[in-house]
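S.K.: Chain by chain, the residues:
Protein chains: 2
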Amino acid sequence: MSELGITVKKAEQFSDWYTQVILKSELADYAPVKGCIVFRADSYAIWEKIQDFFNKKIKETGHKNVYFPIFIPESFLRKEAEHFEGFVPECAWVTIGGSSELEERLALRPTSETVMYSMFKKWIRGWRDLPIKLNQWCNIIRWETKATKPFLRTREFLWQEGHTAHATKDEADKEVMAILNIYKDLIESQLAIPVLVGMKTENEKFAGALYTTTLEALMPDGKALQLGTSHNLGQNFSKVFEITFIGEDEEEHYVWQTSWGVSTRLIGAAVMVHGDDRGLVLPPRIAACQVVIVPIPYKNVGREIILDKAREVLEKLQDRGISATFDDREEYTPGWKFNHWEVKGVPVRIEIGPRDVKKGQVTTVRRDTLEKVAVKDEKLADTIIEMLEEIQSNLFSRAKEALSKNTTEVETYSGFKEVLSKKGGFIKACWCSESTCEEKIKEETGATIRLIPFRKEKVFSDCIYCGKDADQVVLFAKAY
Amino acid sequence: MSELGITVKKAEQFSDWYTQVILKSELADYAPVKGCIVFRADSYAIWEKIQDFFNKKIKETGHKNVYFPIFIPESFLRKEAEHFEGFVPECAWVTIGGSSELEERLALRPTSETVMYSMFKKWIRGWRDLPIKLNQWCNIIRWETKATKPFLRTREFLWQEGHTAHATKDEADKEVMAILNIYKDLIESQLAIPVLVGMKTENEKFAGALYTTTLEALMPDGKALQLGTSHNLGQNFSKVFEITFIGEDEEEHYVWQTSWGVSTRLIGAAVMVHGDDRGLVLPPRIAACQVVIVPIPYKNVGREIILDKAREVLEKLQDRGISATFDDREEYTPGWKFNHWEVKGVPVRIEIGPRDVKKGQVTTVRRDTLEKVAVKDEKLADTIIEMLEEIQSNLFSRAKEALSKNTTEVETYSGFKEVLSKKGGFIKACWCSESTCEEKIKEETGATIRLIPFRKEKVFSDCIYCGKDADQVVLFAKAY
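As they're listed, the protein sequences go chains A and D. The working numbering puts the first residue of the first sequence at 1, with every later residue one more than the last. The working numbering puts the first residue of the second sequence at 1001, with every later residue one more than the last.
Just so you know, not all the hints are guaranteed correct.
[Unchecked claim] Below, computed lysine-lysine pairings styled on PhoX-like, alpha-carbon distance capped at 20 Å:
id	chain 1	residue 1	chain 2	residue 2
1	A	10	A	422
2	D	1056	A	24
3	D	1056	A	56
The set of hints was computed from the structure by calculation and includes no laboratory data.
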């Protein structure tokens, strides 16, 4: 295999495989600044698809996009104690502007609660001003000291962050769940990644939240990856930022708030979950290019006829809303092109050779199964549309099967440790709800409680750690 | 007029008027960090319209969106001497990451040439890799020391920056002009602002460019505002960043590059140009809300009939792709609502009262002319679509007339100074092409050469300053 191809196996060297796929598919590249990446055209295009889907959903439900400054004065971060402790260790600080030292150093936003809520205080007077439902797409800075990994953990990444204020806790609860459901829809229907949803424990919740809901996916190396969170902030921030309103009862009340976000990490998750030994495998709904057409001229016999047919095919597909590319570059061989587009994960390849022309057909190759099928010209567009849908649902089913296969129920701590070391994945176990047990397990095994499922299951053993009565079933895993 | 309304006249206190309009229309608010603003929902919605229009145009012409890091190592900025001098005085510097002092301080991008081109060097090997045509939408940091002004000059703003690399100067020249034409189309057809296009002088060109082309508009206070620039960077950056390619001739060559950008400044320009004493006046094509429907119940007689009719009207308009809002809030009076939506610049207001119901009509009020017209129900959608088009073109014509009225031809320096102090605007004058004359004029009057028009005009006098032979006609103005 040429340098263009992936030189390690996904099942054997997962981490190297991931890096190679990202670099060779040209999704991203390492930036000259340590811990940062460049989002190249193909990954940014996925991000744009995510934006389009999510923007539509949140605008339909009355949210509006805005943009707040990247700069957050240190004193703002200090206002909410837990929040400060959670984020300050990884802030990047601006200390000099132009040629002058700043009086107060400015953090580059690790998240925007504090800067946004200082404005909410100003904008909210009475119940007529509520709810406020805002969202912003922006860059986020977290000065990671752990090893960074493209899309999963970098010092700068892109995300959206939603921030809302409501008159009642009930409204805020509903908002948290409404957004979590949009995230689930986005991740499952578009990225074809099945997720588990539930609550975070007190230990794992967002710094400053009342409670945190989460979406967790399973990566092929057996580690969990948190793909999004939706928090009910309660009145924690409204109390420190003094965000009050005069209610219909003419009394003053603190608002109830939520915040929620997903990031470019989603791109990394899709790479990990769907990719194979040949490279990227993109779900059709997030692929900027869904179909690539490669002409296979044979000894220049009928070359023009083949190219004409390819152009016709291109037009036919584009007319039906399929995003297709015709790779008519003369300087590369068909074999080179097959490899190139396979690494890039394009869902369907269409080959057109002399034999296809003669038979009134094209040859299609599915990226997910590598299955090769001849399709008659007159059925082409319909067949391709169907095929793209099949690929989308096949990728989701495969991932769902992997998730279910790698979710193990255990009743004992020794069983827990064995599963964790041999197989990984999600481990379903019973827990007494004591933080100390949770912390000990983390210390001893590296696994954390990823979530407390919304769908309660019947307790089937004592607490996995202390052996006392358990009161709930939770999901553990090692996590990114 | 209530506190909600604008309390100063545009013609009398332009600067205060501008600030009031921006704050009271809720386009933006001052952020807690000095020199920064919050882009509230209504201004961000305009930015999204600009993004949609521009993205479509650049993608059609083969450009791709990407995202590069905000961090630029100081040594990168130092590589191109002019560029360094141009930007370093207004950089914000990150010196601390987490709890450690950085070894090399990092600038927050004032523009991204250097960080992008360090990657271009890596990505470009041979002629097959060219052209590269990238664009990014991002935040930009320039630590202004002059007084800031919402949208026009702030320490953080949003923009797009395009960066391309080509095999020949000719291709780069064509790219510069292609983009300039897209900008002209965007600004004139969408924002309804007429612009003059031309070249910058050597003194005024971009720091590091071979030449700069520009789009300049006239603001109602007689000052010019630069709305966009498109630069041919020549081989200045490719030489310092060693971006070479092996050509079809098998020789090594430096690439030719362009860069170009427009920013959220465009929003400020639209406010200045179209607004009036009642507030914002938005061109329909950039208005998030094009039509607002206000019910006018009379003593609660037939209240439900009026609301039903309003809902029907809303649906009818939305079905035709018009973005309409039904203001059915009971807690505000019709008069309050008229004022509210006028300040916000919504192009058309539809009033529905008992008389309108009886007569099978609605009452429309155009925001640009305040003209009130009854429209029969059966003609409603068609009439509104027409009306929105008329408003769009009326705003453009009015601005074009103002531009032409405020462009004055002068033959003498005393005439020049008189026009500048009494009337402002663009001053067309002949120039000998010597930088010293240009600098002296700037020093003595504050006016600069905004552009050398592409459409050459016949020289009609000696150099306005030195009296020697002039070789071209240029446009001077005081500028923001």
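S.K.: Hint numbers the structure violates, sorted upward?
M.R.: Result: hint 2 breaks, nothing else.
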